Amino acid sequence: MRTRFIDCAFLFALAVPIVARAQANGRITGVVTSDAGHPVPRAQISVLATQLRATADSVGRYAISNVPPGRYTVRATSLGYGPLQVEVTVAAGGTATADIRLPVVAAKLDQVVVVGYGEQRRSEITSAVASVTSDEFVQGPARDAASLIAGKIPGLGVTTPSGDPRAGSQISLRGVTTIQGATSPLVLIDGIPGSLETVPAPDIASISVLKDGSAAAVYGSRASNGVLLITTKRHQGNKPTLRYDGFVGQQQIYNRPDFLTAADYRRLKSNGMGFEDLGFNTDWEAAILRSPASQRHNLSIGGGDVGTNYTGSVTYDKAQGIFLRSDNQEVTARGDIRHSMFNGKLDANMSFLSRTQDYFTGPDYGWAWRQALIRNPTDRVSADDGSWQERGTYMYNNPVGLLDEQNGAYEGRDTRVYGSATVRPIESLHFSLTGGTSRGSFLSGNATTFKHVNTTLNGQNGTAARNTGSNVDRILEGTGTFAKAFGRHDFTALAGYSYQDFINESFNASNFQFPTDLFGYDALQSGTALTDGKASLSSNKTGYKLIGFFDRVNYDWQNRFLVMGSTRYEGNSRFGADHKWGLFPALSAAWRLSEEGFVRRLPWINDLKLRTGYGVTGIAPTSSYLSLTSYSYGQKFLYNGQWVQGLAPARNPNPDLRWEEKREVNTGVDYSMFESRLNGSVDVYRRETRNMLYNYSVPVPPYLFSSILANVGTMRNNGIEAQVAYDVFRGRDLRWTTSANWSRNTNQLVTLSNDTFQPQTDCFFAGGTGEPIQASTHRVCVGQPIGNFFGWKSVDIDTAGQWIVLDKNNTRIPIAKATPDDRQVLGNGIPKQFAAWNNSFRFRNVDLDVNMRGAFQFQILNFQRMFYENPKVTQYNMLRSALDPVYGKRPVNYDLAYVSYYIENGDYWKLDNVTLGYSLGPALLSHLSGSVTNARLYVSGRNLLTLTGYKGMDPEVPTDGLSPGIDQRDQYPTTRTFTFGMTISF
Amino acid sequence: MRQFISKLAVAVVSGAVLLGNASCTDLSETPFTEVTQANFKPTATDLAALIAPAYTPLRSVWMGWYGMLDFQEETADEFITPVRPNGWYDGGVYIRLHEHRWDPSQGEPNQLWSLCYSGINAANRVIYQISSGVIPVDTGTKTSVTAELRAVRAYYYSLLLDNFGNVPIVTDFTSVDVPKQSTRQELYDFVVKEFIDVTPLLSTQTGTPIYGRINQLAAKGLLARVYLNASVYTGTPQLDKVLTLTQDIVGAGKYKLDATYSTPFARTNDQSAEILFAVPYDAINANQSNFHMKTLKPDLRFVFNMQAQPWGGSASNPQFIDTYDRDDGRLTDTWLMGTQRDAQGRGYDFVEAVPSMMKTDFYNGYPVKKYEIYSGETGSSDVDYPVLRYSEVLMMRAEALLRTGQGDAAAALVTQVRQRAFKGAAAAKATVTGADLAKGSVYNYGWEDTDGVVKTAAGGTPVVNGGSDIQFGRFLDELGWEFAIEGHRRTDLIRFGVFTSKKWFNHAPNGTFRTVFAIPITAIQTNANLKQNTGY
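Going line by line, the protein sequences match chains A and B.
Position one of the first sequence corresponds to residue 563 (our numbering), numbered consecutively onward.
Position one of the second sequence corresponds to residue 994 (our numbering), numbered consecutively onward.
Just chain A, same shape as in the assembly (with noise of 0.2 Å):
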């Protein structure tokens, strides 16, 4: 494999002639900026009395060569920004420095968007790319890049269903698109693929969104989920910079649920009911819950001039989780080397980042909390002996205990090296070359102690497990632009090849039956279970390989008439021998009707533009060999006396294995009026995944196994997103932009069928509530949404305390009488509707940012209820409401059933997040310092506040997968966080 790499890398090396020759002469170089100092690309430089011209490149950078010696003024433009000229005196052959400082008069309008593979100015975009810049992004310490976004895109549902320090956020882009693939989003970091959690928050500069089909397309078979664009920050040359920014806060549990306590045992044991009172108190939650502490820093430089220039930054960030020894810790540091030569002919870029990350592996803290809940409160944490108290109670472990007698650390590290040169032969053709690896290792430990259940109970006498892992990603990526205008015909063409590989290795080893406890994962062989056969070794290896050649052209007709396309020709090793490469199209083309001569006459429009587009997208299997015929060795056999390895088929092979595609049709219109007080954007599309991949049940024989992943079905999704924002003051003191989007999608599942496969039945089940009540959540139909809850529709509840439930004629029954053919469609898990609302209010040095946000029309599945709210079962807590009349009428005397009674509504509404700041205003700030250059503090609340019905701990639960919208009871709540935060720039 690597030299089959190094071979890729060399011809392509070859492809690219260098050629460059320096010249001597005066040149003017500088940065353009806004006046918060963030840059401005694209601006249009010129200087006065001359011919001289010059873009400025996306982060602000421009370079004017051949320039007489002299005193000039150099004018910088560009939409949205007042013009500035600044004096500068070009000595012969020597470079002067003109940086330049524009004034906001209105953002956005002509602001530079990263898409696939270049950027682009918003108002030459044919299709829905959202772009969200740092001064935008949601305040407040971020968990990842996508919580940064949070509400600030419409279609882009961003979650974060668990208090987790450890978990990131979930993201759905317009809906499900798949049962089988890949639903996570391709993340490109500055062009090279990483994930949300790989920059640090406050090293983000922006984060461009690739909605519709048509502008992912370039990205192929990644991009069906989206793709999201991150842009880390970059220091522009000239003068050295230093700048802190960081946070401490505190968090608490954003709901506790409502147990009951010793006293309430006590009461209602005394009016009969089955509890046992074991003459203690404990509050069991406030046993193992604390408020914890988190704090950031993140402290960055940059130096160099226009030709060498160096960013670098560190970041540690250190969260603990609302659970006793639950934490996190992270540590990143990044560097960045541009370096221009031979009049920009050459560029070269190579960075780094090293990523380390630790964390207490500790207990499976759902469990521990589940534990908390259900524990007796009369009971006691510790017995008399000093040992945790433990009781025989099936599933019934002392939490203090599981948290307390169990060690163990996670390491990860994570290094990324990639390098690129751009070389630019003449003016209007440049060839890209990036290169580099990502490689990613862990390694972890965990033991029990002595006085672990493990051990008390179930006589393991010591459990302890090492768990190595790496992964090394490699890319290889060469491009080449073509860039010519024509009169009024403005061609850009890009061609390129891009070559990847994946390789995932693990190491797993356990044991139990230690002398000791002293060593705890430390010395794995004192145990003796692993070599009793007892304990597991094991060890795993699996690859891929991803090849693109990939093509794109723009055409602009005098910034009127604008028409992209794009073809993406992709192959993967993991399809059948004969269906490894797809094709994926793309075509879009906007209308700028603010161009035209008849809107022109309409003054109070400054942006109208109508644009349409198609694009088709691939989504491949997430495991690897599934066309192969191949065997695994598995459960052994006893043969002749002795236990022999038994080697089977490892699965149904799917030689015709290949592309599940999604092809869209998105169109929409972005506006902006009133001096561009007002804009936003509409968009209206349509996605169809089709052959999607799906575990296809088939006839054991003449298959092998009962299920064989193929391309079957067919998924739409419809939907409409809006996005408005208007400019409600712009005053010099006060400013205040007030911002709102929305969307809706529906979801179908149009076909489980293909030639080949015909099942007989239009539905499977998904999702489990696992025991004891041991049934299917979901169903998943043909002709229906993904999402819906599927069970017996409960109505009333008889005189003896058991449901009623209807039959499938909706004649109301006994459950006991019910069957599966009663159960009915009870909601749907997946929200139809997200909204936010942000506002953004600056007087003087105070800024105050609101963020809300919701989601609506979607069912929520209230595990905790399900399992709690029945007072039949007495050796486990329950919630107070337990004891609460059903349907007005009587407590419940019933097993666990899963039945609608416990799934509710889970619209929900909620001030997401709100910021207050004050920076140092200039005076202040020269007092106290001539070098510092900007400072501002703030306070910051996160998950203050939610408006809804929903009766469990919080109404953002996961809507992801096929079984959405289920509120699990092993739950790690969700937490409220207040922080306080400093950025100082020097």
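These aren't lab readings, by the way, just hints derived from the structure by calculation.
These figures come from a predicted structure and were not determined experimentally.
Among these hints, one or two may not hold up.
[To be verified] In silico lysine to any residue, SDA-like type, Cα no more than 20 Å apart, as pairs:
id: 1; chain 1: A; residue 1: Lys1198; chain 2: B; residue 2: Ser1494
id: 2; chain 1: B; residue 1: Lys1524; chain 2: A; residue 2: Phe1327
id: 3; chain 1: A; residue 1: Lys1198; chain 2: B; residue 2: Pro1202
id: 4; chain 1: A; residue 1: Lys1379; chain 2: B; residue 2: Tyr1529
id: 5; chain 1: B; residue 1: Lys1352; chain 2: A; residue 2: Gly834
id: 6; chain 1: B; residue 1: Lys1173; chain 2: A; residue 2: Gly834
id: 7; chain 1: A; residue 1: Lys1103; chain 2: B; residue 2: Asn1032
id: 8; chain 1: A; residue 1: Lys1379; chain 2: B; residue 2: Trp1058
id: 9; chain 1: B; residue 1: Lys1524; chain 2: A; residue 2: Pro1264
id: 10; chain 1: B; residue 1: Lys1432; chain 2: B; residue 2: Lys1352
id: 11; chain 1: A; residue 1: Lys1096; chain 2: B; residue 2: Asn1280
id: 12; chain 1: A; residue 1: Lys1370; chain 2: A; residue 2: Phe1327
Given the structure of chain A, go ahead and fit chain B onto it with the hints provided.
Showing chain B alone in chain A's frame:
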């Protein structure tokens, strides 16, 4: 411009080289942890590994989760899985078995179906690989291994014959056609023919070398079992063939009854003298046996010093317990009764009474202790499942004798089996006569009401001896005591006409078509050739 064109040319040519270089577009894949046809050339030494998948599904078939020990018993009159304080409602799945309300979605029979075909597929595959030369073996091995695989396959088909009746017969691994359904008669004929054809070719070895696999006598015993039920499968009894085959086994003198009833169910039952064919389990190497977890209650972990905490659900039906002679050693060898507590007092005082399927405490009904429970036992048991015991050979022979009018000869065999169950002062009770066996059953069939009284229905009038009308009912009782919780009961009740005609515990008859299960919904949905069994 010329310069530009020349550069463009270089780029195009280089691009072509890039494409032409296969390594830059090569997407073939080689798994790191699996063997493929390309990298694996099997030899005779791989034979054990290759035939393994034909046998290993049997482990889940018998003592695994949703295994035959569950549903062959829960559908019958000895064993129930009522709701417990820790659950066991599970969406009504066990109650449906008890009440004979299962449908084509019922998990337990559906799992049996897929496990059988998984084993059949594996047998077909290896038979094909041997016959086509993919696995090179000498002629002798080819004959014996093929015969053994056909015998295993016939055994799977005999399970399908008993549980589903009308199922597809597939013997060709290379066929890609969706299989056609056969009738129960065709399936019966196939199973009988296969066993007859391969028996002479099978190994005559006994003991360790063949333990866990089918030898000649095991094949004869399994065929005898098919013949014994022939009247159910085809309407035509084949009792003379049962007599011939059982005589062959008895006459061979290779197996005998163990001295004690518990020996064939001990942790070391691979040493038992009476097991003709077993499914070997091992807590480490073959860890599917979790029946003990399903029947033992959570706190029994302390009583038996187990490493795992059992889940505790299933227990005895009180009516069946009432049928035992209290001196029958098999009562206490099979059921965990009375006070079971550790030194600290943790445990239960088990009672026979069970209020109802819907409400019980942990101590209601006796858990099964027949399969040895041992100190340090984990979630998977070491005890092997005896598919065919010598006592069954004797009892099959006895039943054939009884049904062909040779009651006293039958009684002699039954007495032989009973002798180890009645010890000391009760030894005389071991002897039964032909007249005894001709009597009805002592099982008091009827609805067991919440007050513990057997009635005609819930709240109805009490019933006394609701089994007296069963022909050879006493012999059925003998089968119940000897083979309790061995997964035979459903088949036996069907053969004696009880399965769909009698009430027991909270069960009332619910259709005579329930002598076979429904063809699984998943099979119906994936094979349009399949017609659902009558009644479903």
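Here is how each hint holds up against the structure:
1. This hinted pair does not check out: Lys1198 of chain A and Ser1494 of chain B have alpha carbons roughly 43 Å apart, beyond 20 Å.
2. Proposed proximity of Lys1524 of chain B and Phe1327 of chain A is contradicted: the alpha carbons are some 23 Å apart, above 20 Å.
3. For the hint linking Lys1198 of chain A to Pro1202 of chain B, the alpha-carbon distance of about 16 Å falls within 20 Å, and the restraint holds.
4. Taken as a hint, the Lys1379 of chain A and Tyr1529 of chain B pair is honoured in the structure, with Cα atoms around 17 Å apart against an allowance of 20 Å.
5. The suggested pairing of Lys1352 of chain B with Gly834 of chain A holds, with an alpha-carbon distance near 18 Å, which does not exceed 20 Å.
6. Under the criterion of a C-alpha separation no larger than 20 Å, the hint pairing Lys1173 of chain B with Gly834 of chain A is inconsistent with the structure, at around 61 Å.
7. Distance restraint check for Lys1103 of chain A and Asn1032 of chain B: the Cα-Cα separation of roughly 17 Å lies within the 20 Å cut-off, and the hinted pair is therefore satisfied.
8. The hinted pair formed by Lys1379 of chain A and Trp1058 of chain B fails the criterion: a straight-line CA distance of about 25 Å is larger than 20 Å.
9. Taking the CA atoms of Lys1524 of chain B and Pro1264 of chain A, the gap is near 18 Å; set against the 20 Å cutoff, the hint holds.
10. The hinted pair formed by Lys1432 of chain B and Lys1352 of chain B fails the criterion: a straight-line CA distance of about 35 Å is larger than 20 Å.
11. Between Lys1096 of chain A and Asn1280 of chain B the alpha-carbon distance is near 11 Å, which keeps this suggested pair within the 20 Å criterion.
12. Proximity of Lys1370 of chain A to Phe1327 of chain A is assessed by CA-CA distance (about 18 Å); at most 20 Å being required, the pair is judged to hold.
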